[in-house]
Amino acid sequence: MSSQSGSEAGFPALTAAAGPHVRRRPFHERTFRALSPYLLLAPAAVVIIAVLGYPLYLLTRLSFEEFGLASLVSKKGTWIGLDNYSQIFHDRQFWTVLFRTVVFTVVNVGLTMVFGTLIALLLAQLGRSMRLLLTTGLVLVWATPVIVAVNIFRWMVDYEFGVLNWTLTELHIGDFLNKDWFADSTTGFAVITAIVVWGAIPFVAITIYAGLSQVPTELVEAAEIDGARRWRIFKDITLPLLLPIFVILTSLSIIWDFQVFNQIWIARGSEPEEDYWLMSVSSFAQAFSLGEYGFGAAIALVMVCVMFLATFVYLRQMIRMGETR
Amino acid sequence: MTRRMIGALALAAAVLASAVAASAGSSSPNRQTATKVVIWLQNDAKNGWEEMVTSTNDAFRAKHAGVEVDVQYQGWGDHLTKFDAALAGGTAPDVIEFGNSETSTYMAAKLLQDVTKQKASFPNSKTWLKGLTDSCSYNGKLYCVPYYAGARAVIYRKDQYKAAGVKSTPKSLAQFRAAGLKLMKKYGKQRNYSALYFPGQYWYAGLSFVYDYGGKIAEFKNGKWKGTLNSPQALQGLNQVKSMVKALSRANKTTDEANPQQALVFSKGRVGSMIGNGWEWPYALDEKLGNPSLAKKMGAYPMPSHIAGKYMPTFLGGSDVAVPVTSKNKALAYDWIRIFTSNASMRKLATVGKQIPNSTSLASINAKNPQLAPFTNASRSSWFVPTAPNWVKVEKARVLKSLFQAIITGKQSVKKAATSASNQITKILNEPVK
Numbered sequence: 001m002s003s004q005s006g007s008e009a010g011f012p013a014l015t016a017a018a019g020p021h022v023r024r025r026p027f028h029e030r031t032f033r034a035l036s037p038y039l040l041l042a043p044a045a046v047v048i049i050a051v052l053g054y055p056l057y058l059l060t061r062l063s064f065e066e067f068g069l070a071s072l073v074s075k076k077g078t079w080i081g082l083d084n085y086s087q088i089f090h091d092r093q094f095w096t097v098l099f100r101t102v103v104f105t106v107v108n109v110g111l112t113m114v115f116g117t118l119i120a121l122l123l124a125q126l127g128r129s130m131r132l133l134l135t136t137g138l139v140l141v142w143a144t145p146v147i148v149a150v151n152i153f154r155w156m157v158d159y160e161f162g163v164l165n166w167t168l169t170e171l172h173i174g175d176f177l178n179k180d181w182f183a184d185s186t187t188g189f190a191v192i193t194a195i196v197v198w199g200a201i202p203f204v205a206i207t208i209y210a211g212l213s214q215v216p217t218e219l220v221e222a223a224e225i226d227g228a229r230r231w232r233i234f235k236d237i238t239l240p241l242l243l244p245i246f247v248i249l250t251s252l253s254i255i256w257d258f259q260v261f262n263q264i265w266i267a268r269g270s271e272p273e274e275d276y277w278l279m280s281v282s283s284f285a286q287a288f289s290l291g292e293y294g295f296g297a298a299i300a301l302v303m304v305c306v307m308f309l310a311t312f313v314y315l316r317q318m319i320r321m322g323e324t325r
Numbered sequence: 326m327t328r329r330m331i332g333a334l335a336l337a338a339a340v341l342a343s344a345v346a347a348s349a350g351s352s353s354p355n356r357q358t359a360t361k362v363v364i365w366l367q368n369d370a371k372n373g374w375e376e377m378v379t380s381t382n383d384a385f386r387a388k389h390a391g392v393e394v395d396v397q398y399q400g401w402g403d404h405l406t407k408f409d410a411a412l413a414g415g416t417a418p419d420v421i422e423f424g425n426s427e428t429s430t431y432m433a434a435k436l437l438q439d440v441t442k443q444k445a446s447f448p449n450s451k452t453w454l455k456g457l458t459d460s461c462s463y464n465g466k467l468y469c470v471p472y473y474a475g476a477r478a479v480i481y482r483k484d485q486y487k488a489a490g491v492k493s494t495p496k497s498l499a500q501f502r503a504a505g506l507k508l509m510k511k512y513g514k515q516r517n518y519s520a521l522y523f524p525g526q527y528w529y530a531g532l533s534f535v536y537d538y539g540g541k542i543a544e545f546k547n548g549k550w551k552g553t554l555n556s557p558q559a560l561q562g563l564n565q566v567k568s569m570v571k572a573l574s575r576a577n578k579t580t581d582e583a584n585p586q587q588a589l590v591f592s593k594g595r596v597g598s599m600i601g602n603g604w605e606w607p608y609a610l611d612e613k614l615g616n617p618s619l620a621k622k623m624g625a626y627p628m629p630s631h632i633a634g635k636y637m638p639t640f641l642g643g644s645d646v647a648v649p650v651t652s653k654n655k656a657l658a659y660d661w662i663r664i665f666t667s668n669a670s671m672r673k674l675a676t677v678g679k680q681i682p683n684s685t686s687l688a689s690i691n692a693k694n695p696q697l698a699p700f701t702n703a704s705r706s707s708w709f710v711p712t713a714p715n716w717v718k719v720e721k722a723r724v725l726k727s728l729f730q731a732i733i734t735g736k737q738s739v740k741k742a743a744t745s746a747s748n749q750i751t752k753i754l755n756e757p758v759k
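Protein chains in written order, with my numbering: chain A, 1 to 325; chain B, 326 to 759.
Since the hints were derived computationally from the structure, they do not count as laboratory data. Among the hints, a few may not be true.
What the hints assert, rightly or not - Label pairs and their computed distance ranges (CB to CB):
id, chain 1, residue 1, chain 2, residue 2, range
1, A, 146, B, 387, 43 to 49 Å
2, A, 80, B, 548, 22 to 28 Å
3, B, 400, A, 167, 27 to 33 Å
4, A, 186, B, 456, 40 to 46 Å
To be verified - No farther apart than 25 Å at their CA atoms in a straight line, the calculated lysine to any residue pairs in the SDA-like style are these:
id, chain 1, residue 1, chain 2, residue 2
5, B, 442, B, 685
6, B, 593, A, 175
7, A, 235, A, 224
8, B, 593, A, 169
9, B, 546, B, 751
10, B, 483, B, 518
11, B, 492, B, 511
12, B, 511, A, 161
13, B, 567, B, 557
14, A, 179, B, 518
15, B, 736, A, 91
16, A, 179, B, 510
Note that this is a predicted model, so its numbers are computed, not measured. Yeah, the Cβ is synthetic: ideal placement off N, Cα and C, and Gly gets one too.
Sequences are here, hints too, so could you generate the full structure?
What follows is the structure in structure tokens.
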């Protein structure tokens with residue numbers, strides 16, 4: 001029964017369209033049929049507009065206003081057109097922050113994807129119990145709240161009592177006692193990158209591992225018989241097959257890493273130095289620390305546009321690459 | 326195709342979600358009932374003189390039956406950011422404590438209730454300390470009530486000084502340095518020992534050196550502010566801080582004196598001296614967090630100037646309490662403040678908290694107290710931040726913390742860091758008041 005009626009029951013629209021009575025259906029029923037997808041979408045759309053659209057509208061309006069401390073109580077800003085935006089683009093600091101954010105994103109996404117893939121490949125090679133152990137570890141990392149994770153990392157790199165400085169010194173790599181990792185923003189960002197990548201790996205690794213299990217073994221075996229080495233197999237078989245997964249994971253990682261905020265904010269004790277400002281931090285600091293709410297809103301919007309652009313171009317390119325193969 | 330569609334949708338949703346997350350600052354409805362008074366005080370009160378707060382609340386409740394008092398303690402780092410968000414969300418407190426350098430911006434923005442008419446009803450209002458009253462006055466009107474004043478002095482370990490061969494407390498900066506070097510010689514082998522605990526962002530103590538050499542933060546001339554931290558005198562002071570910290574301190578270079586609380590670091594034993602407020606002395610002896618056994622080993626003296634026999638100017642800190650314009654319980658708020666600043670409360674502040682009360686009429690409480698005299702003496706030579714409406718922005722932008730961090734970590738040369746800070750200050754102070 002199920003195997004027989006499967007195709008018909010599964011696609012009633014197709015059956016109806018193919019049937020001979022289609023032209024005789026009354027007008028209102030045809031309209032209803034045409035509209036029904038939209039009607040079904042409507043409740044979700046209303047919720048999305050209310051929850052996302054309205055705040056976005058408010059943010060956009062705010063970005064065209066001068067909105068300072070006094071406006072907080074009066075709830076009225078002054079319309080100043082594009083002034084906030086021209087101020088942003090003439091601000092040297094903005095370009096520094098943008099550049100820093102892009103570099104940060106590239107490094108973090110790159111490391112996340114590389115380590116995530118390596119761990120996924122490792123998972124595929126492991127025996128059952130070790131795989132279970134590693135997967136449990138990954139899930140635990142994933143389940144650790146950011147605030148907890150950042151504080152643990154902060155303790156580990158503490159200049160006075162940190163286990164990292166102690167270990168490095170005991171291993172005679174150098175005198176790391178009283179080394180302050182955050183004194184220099186390069187080493188500081190190295191710590192922050194470690195936190196971000198550490199937290200991002202589980203999702204990437206588990207997703208890729210799920211994808212790997214779909215790679216047909218006969219393809220891999222055939223390649224092996226033909227004398228292909230590991231790297232060759234990965235490059236020419238695994239990678240092309242998993243390309244869609246890589247595209248999505250990379251795009252999502254770009255979005256997440258481009259707007260990293262919590263890790264920096266907490267690691268620098270809620271007062272990040274300007275050397276640690278990424279776009280999200282700069283937007284928040286301008287708005288909430290300096291009371292320039294309109295200016296902060298404008299930065300936030302510029303950030304969204306940059307991110308949209310980056311992901312859009314990237315996604316298109318990757319899909320085209322996929323099609324030519 | 327479908328997979329791509331789903332991917333694209335997920336992307337679009339994620340981007341939208343991030344946009345909304347970036348906008349943050351959502352407003353929450355005001356759910357305060359008329360019978361609850363919310364008070365924001367700084368952590369110093371909790372750490373140093375919670376008794377005064379408790380007794381104020383008891384007296385207030387006895388007078389206003391059925392009214393709830395909710396005291397919420399805040400940290401200096403982010404209490405203004407929180408306050409701004411609360412103002413926007415309509416959940417601002419009924420009474421808020423401000424540092425005396427923080428009030429100008431809020432008075433200029435008309436966010437604090439004008440209490441000129443009520444002035445006479447506040448206790449000791451005729452004899453309030455002038456410095457604090459000034460920090461509550463804007464365009465001839467009164468916007469807050471003085472709470473306490475604080476001056477910093479050197480808090481030190483008598484036993485360590487003695488053991489290191491320091492015979493008397495230093496009377497000049499050169500002597501201070503020499504004493505510190507002796508301490509380092511005696512105890513410096515212990516990792517993390519500091520003869521002078523001086524965290525890299527401790528700008529209140531750092532700027533005292535600048536003022537000691539005749540420098541200042543900014544000048545007001547011909548209707549314009551000008552940052553002057555790169556003047557020759559200021560640079561001399563900043564260089565002095567740098568070499569002093571390098572020689573005597575192993576404190577973290579990228580934190581301030583409150584993270585971790587320096588008094589608690591002091592109580593752990595690996596600190597010879599620190600520059601601290603009066604309340605930090607008893608805090609170091611706290612039974613739970615500190616070390617009560619140090620009670621007889623601690624002392625204090627005013628930080629000496631580079632000119633022998635003089636004191637280095639200390640930041641004349643202090644706090645005021647104000648009622649935000651958004652408060653729905655202003656009459657109750659005023660009454661809470663009246664009890665909080667009454668003679669009985671102020672006496673607790675002085676005896677328990679070791680702070681300088683808000684009125685000259687109460688000065689005698691402290692005169693004979695050996696734990697307070699050094700701080701009161703230190704306050705005779707003092708400095709204060711420029712009284713510009715935009716000053717808070719300089720603090721919020723962390724200009725001075727960054728300056729000292731850059732100098733002490735050696736990230737920038739003293740001159741370069743000072744010039745950049747000075748330019749920033751000039752720019753911020755001259756921005757139109759919004």
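So, going through the hints one by one against the coordinates:
1. A/146 / B/387: 43 to 49 Å: Once the Cβ atoms are compared, 45 Å apart, the range 43 to 49 Å for residue 387 of chain B and residue 146 of chain A holds.
2. A/80 / B/548: 22 to 28 Å: holds, 25 Å
3. B/400 / A/167: 27 to 33 Å: holds, 32 Å
4. A/186 / B/456: 40 to 46 Å: Holds, since residue 186 of chain A and residue 456 of chain B (Cβ atoms, about 43 Å apart) stay within the stated range.
5. B/442 / B/685: holds, 22 Å
6. B/593 / A/175: holds, 24 Å
7. A/235 / A/224: Given that 25 Å is the threshold and the Cα spacing comes to 13 Å, the pair holds.
8. B/593 / A/169: With a Cα-Cα distance of about 24 Å, the restraint between residue 593 of chain B and residue 169 of chain A holds, given a limit of 25 Å.
9. B/546 / B/751: Answer holds: residue 546 of chain B to residue 751 of chain B is near 12 Å, not above 25 Å.
10. B/483 / B/518: holds, 16 Å
11. B/492 / B/511: holds, 14 Å
12. B/511 / A/161: The hint holds at about 23 Å.
13. B/567 / B/557: Within the cut-off at roughly 15 Å; holds.
14. A/179 / B/518: holds, 15 Å
15. B/736 / A/91: holds, 23 Å
16. A/179 / B/510: holds, 22 Å
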